[in-house]
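Here the protein sequences come in this chain order: A and B. In this text, residue positions in the first sequence follow the numbering used here: the first is 1, and each later residue adds one. In this text, residue positions in the second sequence follow the numbering used here: the first is 1001, and each later residue adds one.
No lab work stands behind these hints, which were simulated from the structure alone. A virtual CB, placed ideally from N, CA and C, is assigned to each residue, including glycine. There's no promise every hint is true.
With a straight-line Cα cutoff of 20 Å, these simulated EDC-like cross-link-like pairs (lysine to aspartate or glutamate) come out [to be verified]:
(1) 29/A / 1168/B
(2) 378/A / 1171/B
(3) 1183/B / 396/A
(4) 391/A / 1092/B
(5) 41/A / 51/A
(6) 391/A / 1093/B
(7) 41/A / 1171/B
(8) 441/A / 1171/B
(9) 441/A / 1247/B
(10) 16/A / 1186/B
(11) 1183/B / 394/A
Here are the computed distance ranges between Cβ atoms for each label pair [to be verified]:
(12) 1036/B / 48/A: 25 to 31 Å
(13) 1147/B / 238/A: 52 to 58 Å
(14) 1149/B / 12/A: 39 to 45 Å
(15) 1092/B / 112/A: 52 to 58 Å
(16) 1036/B / 466/A: 19 to 25 Å
(17) 1149/B / 179/A: 51 to 57 Å
(18) 12/A / 1248/B: 38 to 44 Å
(19) 1068/B / 404/A: 41 to 47 Å
(20) 1124/B / 252/A: 47 to 53 Å
Sample of chain A residues lacking proximity to chain B, with all beta carbon distances greater than 10 Å (derived) [stated by the list, open to error]:
(21) 10
(22) 61
(23) 75
(24) 83
(25) 137
(26) 222
(27) 236
(28) 261
(29) 309
(30) 414
(31) 428
(32) 438
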Amino acid sequence: MILPVLDPKLALPFPKAALPVLRNAQLRKNVAHATDVITGKRARLVAEKHDWQALREAASAVRTHVLENLGPYLEQFEERCTAAGGVVHWAADAAEAREIVLAILREEQASEVIKIKTMTSAEIQLNPFLAQHGVEAHETDLAEIILQLGHDEPSHIVVPALHVNRSQVREIFARTMGLPDLSDDPQALTAAARNYLRKMFLTVPTAISGANFLIAETGGVAVVESEGNGRMCLTLPRTMVTLAGIEKVIPRYRDLEIMLQVLARSATGERMNPYTSLWTGVTSGDGPQRFHVVLLDNGRSDILGHERERQTLKCIRCAACMNACPVYRQTGGHAYGSVYPGPIGAILTPQLMKMEYAQSLPFASSLCGACYEVCPVKINIPEVLINLRAKVTDQEREEERRFFDPLYLGLRMASKVFANAGRFRAAQRMMRIGMKAFTGKDGWIRSLPGYGARWTMTRDLRGAPEQTFREWWAGRASGKVKA
Amino acid sequence: MRASLFITCYNDTLFPETGRAVVTLLERLGVAVEFRPAQTCCGQMHANTGFRGEAFSLAKKFVRLYADAEAVIIPSSSCAAMIRDQYPALMEELGNEELRGEFSALLPRLYELSEFVVDVLGVEDVGAYFPHRVTYHASCHGLRALALGDRPFRLLKNVEGLELAPLENLDRCCGFGGTFSVKNAEVSSAMMTAKLQDVQATGAEFCTALDNSCLMHLGGAMHREFAAMRTVHLAQILASTREHPAEVM
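Next comes chain B alone, as it looks inside the complex (with noise of 0.2 Å):
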């Protein structure tokens, strides 16, 4: 199976290791993964914030870069269900049949990474090793919009050595938020202080999820903390094996 990988512009530029490491995973789950280099980004950013506009290019190059993929993996929640979400009405906006036809083609060869690996793949065992206790947390997008469920507890239940610490108020939003997190930069942190209690309830070493941006946002309060507990994507742990440990900074 060839799969070509999104690697979303935050985690190209800020989160590389998340980026090796799913292409670690899926080319250890016999997956042949390509990479186009004229990817730059989904245009949530964009939309989120209101410049319309400028979202309807980024999703146009998108529909195009891809348009005769097998399957494209998308390692964040929310990149994903912006294309799912949001592009359909975006798409209607445009009036371009033919980009439209093209769009609704390529949706259901779309899959977010635990959507693949446990969907497509048929994998719920891939084989990792990380031996720390690790807590979840579910980002709103990959809950809600993509309903993921529970396949990252498939996923993580799998994993020798890990042990998985349950998190309270699991659908209660970070405060991240994209752009709301500096808009709203106090009212961000009034919640993202909520949901640190909870997270560091756990006794977890780690927090992982979906979406390396509410990862971005939490991992950087503990270590303004000097908490004891780092936030690791989960790509990386599915990546990582006793031979190769995860790259975790």
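Pulled out of the complex, with its shape left as it was, chain A reads as follows (with noise of 0.2 Å):
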């Protein structure tokens, strides 16, 4: 088994790290199945909904609204907080989020943490930062607790493990927690986790969350999950460190009538889902009474800046944009290389990394624009990819080694063939003349040699035919052909 890699910084590029699972028949089985079933839900119950296109633009003004005033929000959400009883951190990057919380976990005196919900400590490598400073963290989502047991990475964002099975699952439980007469039984599998889980609930009193929503009206924070191991995560122990990406704020308590909405549906095909905790810094008697959170930027500014990208940070990570893709259908989440997998994945990714790594996700696409449709905050997905073509292309077409790039030089050519009619007419000759030394008696090509392969290697290719449209037209027009 290849590990898959989700560090943008290490990963292959997409075409290269897709191939490996493309040859994977149980992960694409695993994968198309799963996705199935939630687009089947999802659409039932979008269905229901009369309002649902009403509340899609409603969420979506919510969120744009919070990006054009963040900085408000969040000193509002800040200071809400503080009086609150919670400690608020700011982290400009991953290092100073990880210095943070490690700080934190010191002040505490853990040696273990346990975990819930929370893709952003995915996003700055903090369980691998936390193993090196001798503390040892446990995920507590079924999901997590299956990949952690197991040493493999999420491939999607709300259901970490859609790429495994039943089965794999069972494998995996029988042999890290020493049961090997556990059935493939999904109860008997939650018994077998629930039994890991309870020790861990009443014995480690330090907690690492995510959010869903910070609230800047109130300070509080809203988690929602399906499992009720977030539950236990966040009331039982003393000390809560939430870990949250500074676009997560929304205004107002009541905008959650909204989000809630559009969350559960599109996330998991439910009208609600079944555990939604909100608190609000520390209550005496009552849950964690140490509280901190860590506003995490690490990208998200720089992505606040462009204008016509900015919609990336409307993302609530439903995941309905992968369920959705056809893309990923096949590929599943790990040949993104990144914690962030799918169509928000292929434009938030290379943008957390200020375009620096990540490069291949852009064109990792049909621009189908099933994932648009999707969307409940409306994010233009397409659009964005095709922007961040121009970006990538930008920086690439400078460099020596693409000057001799077929692609590169194919679209340099035909732009300069595309510009005039005259040349155009030429450049449709000598593409007739070239064709023909590849088609075979049947009118057909079967073998382009080059980058003409990528085409041939799966599909035949029509060769050209004796005539143009405007050839034809120009005959008819002057009477020499039959119309």
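Relying on the hints, combine the two individually framed chains into one complex.
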């Protein structure tokens, strides 16, 4: 088994990273089945909602408004959260966030920490860092446990172990929990996870969570989940550290009315997710008595500064885009080389990396638009993909090694050719002559050399016709050809 | 009614029979068709591959060329979508007010072929004859960007002799995606294989669409596999009559 790499600095470019997945029949079957189930449920629940488009519009408006006023809302959140007994930290980048978390854990003298619902921690590669510094992190989300015990990586942002099926889960649990007789019955598997987790919930006094929403008005935090493990993690420990991207803030408590409706339906195809935890600072005698929030920038301010790409940060991490994506359907999440896969990952990851890594991701899309159609906050992902492609091309086209890159060469030549119809006619004639050499007696091309082989590896190509349309038209106009 | 045909660069070069069919069809419906030989390409390939500057020039050229056209017909849903969806942002970025004005004035007179026939001419029965079992592939740009809806089905249902075979997963991309088909050739092929399974399960003799680019991709694979199915642009079906059956390669 090839271990997936979810660090954009180390990951292979998408087309190469996709290859082992395309050969993995089991994984592709798992991904297709799981996404079919979720998209089916989502479609049914969206259809029953007659004001769905209005809800989307409202959710989009809330998120757009936040991004246009992010500074004031974050300051308001900090003020209210602090007033309620929380401690707010600001982290400019991944390294700073890791140090802040470690310092808090040291203060708590923690050698272990339990974690729930935090992709942001994977974004900043927190677990390996904590391990280096002697703190063992235990995931408590069922899917994350499967991955942690199986030494695997998440492939989806809502269903992180979507690529693993029941019998594979049984194998991992049986092996790592010492339960050779475990069956693959879902109840038996959850019972095994419950036994494994219960001990941790009761003994580890320090926890790290993510956040679905930060509420500026109250200084509160909202986490939604399906299992209740999050609720355990959020209520039992003495100390809680919440790690959240700065874009997670919403203005008012009542905005949850909109956001929770679109999130649950889009994410899991449920009217309401089973567990919604909301807390504000510290409450004496109830829940964690020490509460920290780490607000993570890590490239987000940069994205905010680009007007046309800013909409990327509207994302509420529902994963509807990847469930609907025909590319994700074939490759699953690992090929994206990032904790954020699928269409949203293809626009978010390279931008978080300040366009210095993950440049292949904006091209990992057929621009079919299925993502935009389902996005509950109306992020025009195809538009952002195209904008990012322009940025990548602008970077690359000046590189010397790209000069003879067939795609770059071809597109540069094509632009000269298309600039003038006379040149275009000449190029059409040359192309016809050029293609003839590869065309079989039946008028079809079975194999092309060089870059053309990228086409003919799976597809024939019809040879160039004897006459272009414009030649036919010219002949018809001059009366030489029958209409 | 006069209409100017924007044939598109790849139809012009590789699929002239589609262009001839559009002319036949429109003339049969009483439209005076003109063709402006200065046309080349809408710039979609450049825009979608990140060559924005090049796309700007082609967009400019397109708008100038058709500024005075009564109607522009585009027998390619992705090129029509490029112009309708991406030109506005390109125009805004160019910041040329005059050009922007020309484009806004032109935009309502731009039609994908099925839009023109159904909405402008108000015709659903074009008097075609095509005695075959056919399935329709909804190209993504036609389906989502142009929201063509049931227009192509309304046209197909009225074709004499044609038996329409419904396609499963109609809204799923075939995997072509322009330069995606070569930049990510393996993933594109995996998507194509999935689409072909659905297409072949219809038992149709022909797979049709409003975009020859998807059909080049699917048809290329059908030919490679000796599949009992071929591809044909919808215009060719609509142009087909008992006297002059469709030219199908």
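How the hints compare with the structure:
Taken as a hint, the residue 29/A and residue 1168/B pair is honoured in the structure, with Cα atoms around 18 Å apart against an allowance of 20 Å. Restraint check: the Cα-Cα separation between residue 378/A and residue 1171/B comes to about 19 Å, which is no more than 20 Å; the hinted pair holds. Between residue 1183/B and residue 396/A the CA atoms are separated by roughly 15 Å; this keeps the pair inside 20 Å, and the hint holds. For the proposed pair residue 391/A and residue 1092/B, the alpha carbon gap of about 18 Å is at most 20 Å, so the pair holds.
Distance check on the hinted pair: residue 41/A and residue 51/A sit about 18 Å apart at the alpha-carbon level, within 20 Å; holds. Taking the CA atoms of residue 391/A and residue 1093/B, the gap is about 15 Å. The hint holds against a cut of 20 Å. Annotation: proposed proximity of residue 41/A to residue 1171/B holds, straight-line Cα distance about 17 Å (limit 20 Å). Restraint check for residue 441/A and residue 1171/B: not satisfied, since their Cα atoms lie roughly 36 Å apart, outside the 20 Å limit.
At roughly 19 Å between alpha-carbon atoms, residue 441/A and residue 1247/B fall within 20 Å of each other, so this suggested pair holds. As the CA atoms of residue 16/A and residue 1186/B are separated by approximately 9 Å, the hinted pair is consistent with the 20 Å bound. Between the alpha carbons of residue 1183/B and residue 394/A the distance comes to roughly 17 Å, so the proposed pair stays at or under 20 Å and holds. Checking the proposed 25 to 31 Å range against residue 1036/B and residue 48/A shows it is violated: the Cβ atoms sit about 50 Å from each other.
Judged by the Cβ atoms, the range 52 to 58 Å given for residue 1147/B and residue 238/A holds: they are separated by roughly 55 Å. Between residue 1149/B and residue 12/A the C-beta distance comes to about 41 Å, which sits within the given range of 39 to 45 Å. For residue 1092/B and residue 112/A, the Cβ-Cβ distance of about 54 Å falls inside the hinted range of 52 to 58 Å, so the restraint holds. For the hinted restraint 19 to 25 Å between residue 1036/B and residue 466/A, the CB-CB distance of approximately 23 Å keeps it satisfied.
Range check, residue 1149/B to residue 179/A: about 54 Å between beta-carbon atoms, so the 51 to 57 Å window is met. For the pair residue 12/A and residue 1248/B, the beta carbons lie near 42 Å from each other, so the given range of 38 to 44 Å is met. For the hinted restraint 41 to 47 Å between residue 1068/B and residue 404/A, the CB-CB distance of approximately 42 Å keeps it satisfied. Distance hint for residue 1124/B and residue 252/A: a CB-CB separation of about 50 Å, consistent with the stated range 47 to 53 Å.
At roughly 20 Å from the closest C-beta of chain B, the C-beta of residue 10/A stays outside 10 Å, upholding its exclusion from the interface. Every C-beta of chain B lies more than 10 Å from that of residue 61/A, the closest at about 21 Å, which supports listing it as non-interface. Every CB of chain B is more than 10 Å from the CB of residue 75/A (nearest about 33 Å), matching its label as outside the interface. Residue placement check: residue 83/A keeps its beta carbon more than 10 Å from all beta carbons of chain B (closest about 44 Å).
Here residue 137/A stays apart from chain B, with its beta-carbon at least about 34 Å from theirs, past the 10 Å limit. Non-interface call for residue 222/A relative to chain B: holds, since the shortest CB-CB distance, roughly 32 Å, exceeds 10 Å. Every C-beta of chain B lies more than 10 Å from that of residue 236/A, the closest at about 44 Å, which supports listing it as non-interface. Distance to chain B confirms residue 261/A as a non-interface residue, since its nearest Cβ pair spans about 24 Å, more than 10 Å.
The beta carbon of residue 309/A sits about 12 Å from the closest Cβ of chain B, which is more than 10 Å, so the claim that it is off the interface holds. Interface exclusion of residue 414/A from chain B breaks down, the closest Cβ pair being 7 Å apart, not more than 10 Å. The beta carbon of residue 428/A is not kept farther than 10 Å from every beta carbon of chain B, the shortest such distance being approximately 5 Å. Annotated as non-interface, residue 438/A keeps its C-beta farther than 10 Å from every C-beta of chain B; the closest such distance is 13 Å.
In this structure, the earlier hints numbered 8, 12, 30, 31 are contradicted, and the remaining ones agree with it.
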